[in-house]
Amino acid sequence: MRGLLASIRFALVAAGQNFTRNLAVSMAGVFTMGLIMLLVGGTLLLTHTVDAILNQQEAQADDIHIYLQDSLSMRTIADYEQRFAHDPRVNGVSFTTKDEAVLAAQQRGLQLQAAINTLGTNPLPASIDLHVRNLTDLGQFATLAKSLPVVDTSSGSATDYNPTVIPRLQTLITWTVWIGGVLSVVLAVISLVIIMNTIRTAVYIRRTEIEIMKLVGAGDWFVRWPFILEGVFGGVLAAAFGVTIVALAYHFVLETANARVYLEVGFDGPYLTGLVVLLVVFGAALGGFGSFLGVRRFLHA
Amino acid sequence: MSLAAVMPPQVGQKPDPGQRPVISFHGVSKTYANGCEAIRDLDLAIYQGDFCFVVGASGSGKTTLVRLLIREEAASSGRIFVDGQETTRMSRRRLPKLRRKFGIVFQDYKLLPKLTVAQNVAFALQVTRPGQRHLKEKVEETLWIVGLEDKLHTFPDELSGGEQQRVAIARALVHRPRIFLADEPTGNLDPDTSWGIVQLLLQINHRGTTVLMATHNKEIVDLCRKRVIAIDSGRVVRDEAEGGYLREGEATI
Chain H
-14 MRGLLASIRF
-4 ALVAAGQNFT
6 RNLAVSMAGV
16 FTMGLIMLLV
26 GGTLLLTHTV
36 DAILNQQEAQ
46 ADDIHIYLQD
56 SLSMRTIADY
66 EQRFAHDPRV
76 NGVSFTTKDE
86 AVLAAQQRGL
96 QLQAAINTLG
106 TNPLPASIDL
116 HVRNLTDLGQ
126 FATLAKSLPV
136 VDTSSGSATD
146 YNPTVIPRLQ
156 TLITWTVWIG
166 GVLSVVLAVI
176 SLVIIMNTIR
186 TAVYIRRTEI
196 EIMKLVGAGD
206 WFVRWPFILE
216 GVFGGVLAAA
226 FGVTIVALAY
236 HFVLETANAR
246 VYLEVGFDGP
256 YLTGLVVLLV
266 VFGAALGGFG
276 SFLGVRRFLH
286 A
Chain F
23 MSLAAVMPPQ
33 VGQKPDPGQR
43 PVISFHGVSK
53 TYANGCEAIR
63 DLDLAIYQGD
73 FCFVVGASGS
83 GKTTLVRLLI
93 REEAASSGRI
103 FVDGQETTRM
113 SRRRLPKLRR
123 KFGIVFQDYK
133 LLPKLTVAQN
143 VAFALQVTRP
153 GQRHLKEKVE
163 ETLWIVGLED
173 KLHTFPDELS
183 GGEQQRVAIA
193 RALVHRPRIF
203 LADEPTGNLD
213 PDTSWGIVQL
223 LLQINHRGTT
233 VLMATHNKEI
243 VDLCRKRVIA
253 IDSGRVVRDE
263 AEGGYLREGE
273 ATI
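Listed in order, the protein sequences are those of chains H and F.
Just so it is clear: in the first sequence, position 194 is 179 by the numbering used here, and no numbers are missing.
Just so it is clear: in the second sequence, position 238 is 260 by the numbering used here, and no numbers are missing.
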């Protein structure tokens, strides 16, 4: 027991001493690793945020407005509302009056007052708004709308359906996820190579120490532990460095973006917490594994 | 100062009949990956309490012999026994225990420059016997044996070459090994300092430790009149109980 405690103490003290005695090399390693962590963390967070924005856009895109003629009675409109409400592909139905259409357009930043004054009447049609379950059904409703006798086609279209937007949005989401994923994997591989070489340099500086430990009869694990602990410590420090900058940048960018453009994407605390844990564990594992490989070379020399 | 005046030649110890050798080589060969045959079919027996000089030209196989003993290198063929244990087939896991039987010093001292003299010596115990009681006393006692009791807190680069080699000897000695290996320990030292180191090794041998010293130093070997094992091209060409650096009548160029 005394021997085990002394071994643990030795490994911890030696790891700390190794780190501080070669502070310049240690910090160079931590900084290199930290930069990689920053890139990995930044890529993951950026992918997540872009994905969230695109998903929100997609959620907003599953609405279709079927424009109605001005002369329709409320009873006719209610009949159509009922028919659409019973369609299993539809999640919800609502009615937008001409005045509400103007208000919504103004909220989107369109200036219609001048046009209304010139025309002397509201040019926007009332609409039945369908909230569909699947985006792919939007096209079928657009086709159906064209055949209805109550629709207003004066604007050139029976609905606000844009057949090119949805596929583009879906392609964009798929690409974002793929690019983010591939970039993270590439960065992780690059980081492993850089970290292994940085740690090898650090271990090379201490090759005499390893040689002496071997010669006097220290066991392989006794030689490895201080270096592995040092690697883990460096990895955690690097992760803390990377994650702090990523978190600060995330907070700043979101605040700035939300102040200028209404993104409706908030600060995702749980995701950031998960990312912190992931990067710290990743950094510790990478540092420990890199040290293990670095020492292995000298142990087996 | 003459070496002979400092320490007169001594008669080598002869093994008791039937005594088991502490080190034995049986038909050992070592060929490196590049095809270099460093040791060829070597047979050798060294007994407890022996003091042996291993002599030979550079590249004759002296260092390979030392490295084979501590299993830094694996023999290509043949069998090596240390303290009755065959080391040639020993697993990596058991090597640390084998190496604790040895105390080893090299020409280049291999001291840790950022540790003091006492810390360098203590290091050997800390990494092999963690939690060792009376560590400080053992370190101080060993440094007293090598004559450096007043240099406990000095750093290696503040010491002379001879003193640094003494620290290396103290580090090799602190765990009280059965066998002491010295690979060219005087290679970087002037004659007087070299003789001081050899005297120290003789003292260690007088305390019962087997000493094997690979050297080029003709004067020391000739003065000590100890067992001499001469190696040439990986083969033992001479093994004399009380020999000189060269065979009698043999001349150097």
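If you're looking for bench data, these hints aren't it; they were derived computationally from the structure.
Where is the CB? At the ideal position from N, CA and C, for every residue including glycine.
A hint or two may mislead.
Residues of chain H placed beyond 12 Å of chain F at every Cβ, according to the derived structure [claimed, not checked]:
no.	residue
1	Ser(-8)
2	Arg68
3	Gly105
4	Leu172
5	Glu196
6	Asp205
7	Trp206
8	Pro211
9	Ala242
10	Leu284
Examples of chain H residues toward chain F, derived with CB under 8 Å [what the hints assert, rightly or not]:
no.	residue
11	Arg(-13)
12	Gly204
13	Ile230
14	Ala232
15	Leu233
Check your understanding: Once the closest CB in chain F is found, is it more than 12 Å from H/Arg68?
Key -> Correct as stated: the minimum Cβ-Cβ distance to chain F is 80 Å, above 12 Å.
**Study point:** Reported absence of H/Pro211 from the contact zone with chain F (all CB gaps over 12 Å)
**Key:** H/Pro211 is in fact no farther than 12 Å from some Cβ atom of chain F, at 10 Å.
Exercise for review: Classify the label on H/Leu284 as holds or violated, using whether its beta-carbon is more than 12 Å from each beta-carbon of chain F.
Suggested key: Answer for H/Leu284: violated, closest chain F Cβ roughly 9 Å.
Practice item. Decide, holds or violated, for the assertion that all CB atoms of chain F are farther than 12 Å from the CB of H/Ala242. Key: The claim holds: H/Ala242 sits with its nearest Cβ about 51 Å from chain F, beyond 12 Å.
**Study point:** chain F contact restraint on H/Ile230 - CB to CB distance below 8 Å
**Key:** violated (33 Å)
Practice item. Take a quick look at H/Trp206 and tell me if its Cβ sits farther than 12 Å from every Cβ on chain F, holds or violated. Key: Given that some Cβ of chain F is not farther than 12 Å from that of H/Trp206, nearest at about 10 Å, it is violated.
**Study point:** H/Glu196 non-interfacial with respect to chain F [C-beta, more than 12 Å]
**Key:** Not fine: 7 Å to the nearest Cβ puts H/Glu196 too close to chain F.
Check your understanding: Does the interface hint hold: is H/Gly204 within less than 8 Å of chain F, judged Cβ to Cβ?
Key -> Since chain F brings a Cβ to about 5 Å from H/Gly204, closer than 8 Å, the hint holds.
Point to revise | Evaluation of the interface hint that places H/Leu233 against chain F, nearest CB under 8 Å | key: violated (37 Å)
**Study point:** Interface hint for H/Arg(-13), Cβ within 8 Å of any Cβ on chain F
**Key:** Hint holds; H/Arg(-13) Cβ to chain F Cβ min 4 Å, cut 8 Å.
**Study point:** Claimed clearance of chain F by H/Asp205, with the beta carbon kept past 12 Å
**Key:** violated (7 Å)
Exercise for review: For the hint on H/Ala232, just tell me whether its beta-carbon gets within less than 8 Å of chain F.
Suggested key: Since chain F brings no Cβ nearer than about 37 Å to H/Ala232, farther than 8 Å, the hint is violated.
Checked against the numbered hints listed earlier, the structure breaks hints 1, 5, 6, 7, 8, 10, 13, 14 and 15; every other hint is satisfied.
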